[in-house]
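Peer 1: One letter stands for each residue in the lines below.
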Amino acid sequence: MTAPFDLNDNSVVVVIGTGAGGGVLANELAQKGVSVVALEAGGRYLPEDYINDEWESFGQLAWTDARTTSGDWRVAKDFSGLPAWIVKAVGGTTTHWAGASLRFQDHEWKAKTTYGEVQGANLLDWPIDPREMDDYYTKAETKLGVTRTGDRAGLPGNNNFKVFEKGAQALGYEEVHTGRMAINSADYDERPACQQTGFCFQGCKWGAKWSAAYTDIPRGEATGNLEVRERAHVLRIEHDQQGKVTGVVYVDADGNQQEQKARVVCVAGNSIESPRLLLNSASAMFSDGLANSSGQVGRNYMRHVTGSVYATFDQPVRMWRGTTMAGIIQDEARHAPDRGFVGGYELETLALGLPFMAAFLDPGGWGREFTTALDHYENMAGLWIVGEDMPQETNRITLNHAVTDQHGLPVADVHFDDHPNDVAMRDHAYRQGMALYDAVGATRTFPTPPYPSTHNLGTNRMSANARDGVVNAHGQSHDIANLFVSDGSQFTTGAAENPTLTIVALAIRQADFIAAEMNRQNI
Amino acid sequence: MTFRKQGITRRQLLSQGAMAGAGFVIGAGFVAGKAEAANWALEVQHLQPETMATLIQMARDIYPHDQVSDEFYAVAVKGYDSAEAAPAIEAGIAALNAAAQGIGYARYIDVGWERDRVDLLRGMENSAFFQQIRGGLVTGLYNQKAVWPIFGYEGESFSEGGYLYRGFDDINWL
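If you read the sequences in order, they're chains P and X.
Numbering-wise (the numbering used here), the first sequence opens with residue 207 and increments by one.
Numbering-wise (the numbering used here), the second sequence opens with residue 133 and increments by one.
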């Protein structure tokens with residue numbers, strides 16, 4: 207039973223985007239009896255629709271609207287029109303994500319205090335005490351069914367994990383296991399156990415991996431309090447003379463412009479589209495864009511220190527079989543500046559199919575140096591690096607007025623330069639990853655550059671003080687009380703962990719806050 | 133344009149075609165495999181057959197896999213045989229042949245050693261033509277399902293129930 211709300215109903219909360227942030231927030235609010243209209247730019251795809259073919263699935267799910275890139279990151283050269291690999295669909299990037307669900311370490315909530323001054327970095331402490339998050343993390347883990355939390359068992363290790371684990375042991379690593387994954391190791395919450403099918407990135411056809419698309423979204427709809435409008439692309443957020451937001455203008459599935467009135471607007475379009483929307487909503491009153499009195503909207507774009515290490519062996523591995531990312535080493539996630547950088551990184555197993563390996567192993571590479579690697583694809587193992595990158599004011603999303611999208615609006619330009627700390631961390635991780643595989647007898651190792659960003663963070667960051675960021679500790683914009691940010695763009699700093707669990711925990715927490723503030727008539 | 137297996141008999145091919153420098157038979161409106169085992173032929177409508185043969189050789193020199201036969205490279209580049217694409221391809225191959233003439237060969241496909249052909253390609257690596265061909269091959273070659281088994285890649289497994297009972301953890305040499 208879905209609830210159709212009138213366009214002029216100004217009692218609703220409008221949530222823009224239905225991924226880990228928006229999808230969870232919409233359901234959590236609906237469960238509390240709050241009326242919600244969720245506007246989703248993409249269409250609705252469910253497990254039976256997912257395609258276990260890398261390029262075909264990319265065509266089905268990926269956000270491929272025009273974007274531009276600049277900066278010294280290699281993505282700007284190799285994938286200049288594709289800065290990020292994220293999803294345009296109901297459920298957002300929770301269809302694509304690998305499922306790794308890690309809590310931040312306590313010190314990562316206080317990066318500036320822990321790391322001190324880092325030249326060129328715009329570090330800041332989160333305005334949240336880590337103890338405030340404990341219960342919300344537990345709620346998020348329960349919602350997602352995260353393995354190795356609660357009484358949920360870990361996943362079994364696949365071939366890629368076994369190679370990884372043996373190398374990790376040879377290097378003396380101790381925190382090595384098949385991960386805390388939002389992929390069922392046993393039937394849980396009406397979802398089946400993982401069948402080790404691979405293609406986790408293409409949408410789980412079993413529904414063993416948690417995705418908002420087939421959990422939170424339909425459950426929210428079942429309350430009668432949530433209406434999800436698919437293929438509804440928001441153009442701008444409107445406000446009144448008092449500076450309160452009043453609704454959003456969007457293009458509906460038939461291509462017609464509509465305006466949905468709102469009591470509260472929550473932006474959850476991922477860290478590229480969310481700041482773009484705020485900037486594109488500039489008005490006479492807010493000439494630099496909404497919620498931007500600090501000038502921080504779009505700034506401090508983070509994408510994690512990433513990279514991969516692949517290795518070939520003299521015998522088969524068949525890394526593509528089974529769960530794509532169920533394997534982790536956490537020993538390097540600590541803050542140990544004697545390594546030559548602040549913050550830490552995780553190492554996680556990763557496999558790509560042959561088509562994506564050809565595209566991402568060494569973008570632009572050719573000739574026998576390249577092809578002899580693929581010749582041994584069957585004998586290849588792989589891991590992914592995910593570490594904390596430094597927020598920098600100049601790494602930012604801006605409006606590129608020279609390029610417009612299908613609706614005539616300026617597209618986002620994504621500018622990113624590596625910070626020296628990022629480079630030092632990545633180089634360390636490459637060395638460790640290569641040593642790991644060498645210890646298992648690798649015949650060749652490949653320190654593979656970062657892919658288009660899957661972890662997009664920080665462009666509407668939380669801050670205690672309004673001059674330092676865009677939103678407060680509840681994701682409420684400093685400037686406009688009834689405007690919220692509900693996705694990873696709230697992140698003050700990125701931490702070393704895959705961000706989804708924290709986005710979900712923050713969304714559950716934000717729903718409590720919004721419902722309470724509505725009850726108090728504060729918003 | 134059609135891609136055919138066994139579409140023309142080898143006898144017909146050899147009677148119609150002229151041997152090229154590389155592993156191809158080039159005839160009026162078609163390119164075909166030369167070797168006795170080769171059973172493919174590619175009809176061309178917009179490109180000169182010799183241009184297509186050179187393009188196939190270029191594709192192999194960019195992404196050489198000795199266990200992958202020419203027909204897969206032919207499939208990967210056959211899309212360039214269109215009215216829109218052909219002029220730029222003809223010009224690009226003409227430039228490649230001119231480069232070959234610079235080192236004493238009549239045509240690119242007459243250059244015997246791969247390393248010498250690769251040197252010619254390195255010399256034009258930053259050209260729009262080279263990047264168009266290389267970029268197109270990334271999907272054109274490696275996204276052919278028929279190529280995957282040659283690399284051991286199994287593709288989707290959902291239809292067979294995944295690998296839970298079919299070897300997701302069967303590694304035995306560690």
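Among the hints, a few may not be true.
In silico BS3-like links for lysine-lysine, alpha-carbon gap of 30 angstroms or less [to be verified]:
1) K166(X) x K283(P)
2) K316(P) x K283(P)
3) K467(P) x K450(P)
4) K166(X) x K277(X)
5) K368(P) x K166(X)
The set of hints was computed from the structure by calculation and includes no laboratory data.
Peer 1: Which of the numbered hints are not met once you compare them with the structure shown?
Peer 2: Hint check: 1, 2 and 5 fail, others pass.
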